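Chains as they are written, first to last, in our numbering: chain E, 5 to 276; chain S, 5 to 276.
Hint data in this document are derived by calculation from the structure and do not stem from the laboratory. Computed from a prediction, not measured in an experiment: that's the story for all the values here. Just so you know, nobody snuck in bad clues.
Any copy will do: because identical chains look the same in the list, a pair fits if it lies in one copy or spans two.
Pairs of lysine to aspartate or glutamate residues, derived as EDC-like cross-links and limited to a Cα-Cα distance of at most 16 Å, are as follows: (1) K172 x E143; (2) K166 x E143; (3) K172 x E183.
Residues per chain, in single letters:
Protein chains: 2
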Amino acid sequence: MADTGWPGCAKSLKGVILDLCGVLYDSGEGDGVAISASVEAVNRLKASDLQLRFCTNETQATREKFVAKLRRLGFDISVSEVFPPAPAAIAVLRERGLRPHLLVHDGLLPEFDGVDKSNPNCVIIGDAAENFSYQNLNEAFRVLIGLEKPVLFALGQGRYYKETDGLKLDVGVYMKALEYACDLKAEVIGKPSPTFFQSVLNDMGLKPDEALMIGDDLVNDVGGAQFCGMKGVQVRTGKYRPTDERHPTVTADGTVDNLAQAVDVILRQRGH
Amino acid sequence: MADTGWPGCAKSLKGVILDLCGVLYDSGEGDGVAISASVEAVNRLKASDLQLRFCTNETQATREKFVAKLRRLGFDISVSEVFPPAPAAIAVLRERGLRPHLLVHDGLLPEFDGVDKSNPNCVIIGDAAENFSYQNLNEAFRVLIGLEKPVLFALGQGRYYKETDGLKLDVGVYMKALEYACDLKAEVIGKPSPTFFQSVLNDMGLKPDEALMIGDDLVNDVGGAQFCGMKGVQVRTGKYRPTDERHPTVTADGTVDNLAQAVDVILRQRGH
Chain E
5 MADTGWPGCA KSLKGVILDL CGVLYDSGEG DGVAISASVE AVNRLKASDL
55 QLRFCTNETQ ATREKFVAKL RRLGFDISVS EVFPPAPAAI AVLRERGLRP
105 HLLVHDGLLP EFDGVDKSNP NCVIIGDAAE NFSYQNLNEA FRVLIGLEKP
155 VLFALGQGRY YKETDGLKLD VGVYMKALEY ACDLKAEVIG KPSPTFFQSV
205 LNDMGLKPDE ALMIGDDLVN DVGGAQFCGM KGVQVRTGKY RPTDERHPTV
255 TADGTVDNLA QAVDVILRQR GH
Chain S
5 MADTGWPGCA KSLKGVILDL CGVLYDSGEG DGVAISASVE AVNRLKASDL
55 QLRFCTNETQ ATREKFVAKL RRLGFDISVS EVFPPAPAAI AVLRERGLRP
105 HLLVHDGLLP EFDGVDKSNP NCVIIGDAAE NFSYQNLNEA FRVLIGLEKP
155 VLFALGQGRY YKETDGLKLD VGVYMKALEY ACDLKAEVIG KPSPTFFQSV
205 LNDMGLKPDE ALMIGDDLVN DVGGAQFCGM KGVQVRTGKY RPTDERHPTV
255 TADGTVDNLA QAVDVILRQR GH
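When you get a sec, could you build the whole thing from the sequences and use the hints?
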């Protein structure tokens, strides 16, 4: 019988999905900084027989610019391996004939260049950071409250993330603000949405129990992946907090100091 | 037996509590504008045998400046008749030995002049409007997340209010944002807190069933007052929306077009 616990499950894995911010690097001034030994850890996974994808709620830049930054930090990553929420959101808009009012980071706007934004009938919020001014949030609110059937999409639902100069409020906080203002429930596109994780599994052609998610966000990375039937391991970098290890509802399959240690354990189990 | 319905209950009333913004005036550019016939309606109540108080979640100015504005709009109102959340908050701080980090409107800051704000161990948010920048909200978040026992006070919990140029997000929206970010529950000081309504009743020396609340906010004015045992009447001015009249949980004892009509009905019932 296959060992389904951590780290024994590593023997039967066919793919690994990595979160990016807080696992490979910490964001902040300029490009941010790579987390110790993570460049080498990605290289070791790439050299193994495991498939590798990157699943992120990053919404401050287009995929192209985001991947270019990761490459400058030393990571061997290409655009086709990275799954952020914006392209998934654009697919949903097309499917449902929706025209968005955008409250997103300036760096993300080019992703929506080809999208009809006239006479909006929904609102999309991403991690807009400094663009979350009172005026901009009020404008998004007025669009929603003026719609007969208000639709709000949130590109992720994170509470906060860590930059080099400290913790920063994430998109989920403003999602809750607009939910309360308009008495509605947002639709989350990105982690921990099962549809979003499934699209990554589909791309690898794997079943959930053949894949492992590694992230720093206990609820959205680990819990989200586990909800889909994957294993979820948390790293003690990024937004990790010691209280995560006694969380009332989510328990990681494993907790490791950082990505390098996770990769060590996985490859050792597989006899590398 | 006394008639406890609206408008029959008006016969046995001893006091009336009025909300201000959306009932007496609409805020906006400069002082805002008085709502039609409301100056005369306040005068008629003052000339009657009913006690009169003003209960507001206004937190953009000190009581003195706020009352001065109302007087410029033509209302015969004095500071001692007006109950806003900030003085109630200061009493709570003193009682519990708390030192606040303030995220409030610049106009409210002088109310807190005598309050120790060094090394803060709680956060107070009011209707900070343009001060609800990403940076300021993030700063309040960092104070809270750094406390062993984070305490958040919200001066009201309104969703939005109406200014002359449209709807504006209120403090409750940012309360929900910080609640989610820090995984905590805020303590509301102001309407609909029962403690807050009770302090107004105490000042008049009345029991709840001797008083009527008139407001434009179905949940916080009408529902809050009803929860304390008062009658609650909603005006169709300010933030009133037609959907309020089929709200799932709060039903006003009466709904009137404006304050002038409410006063007409009350005084007619009382044989004036």
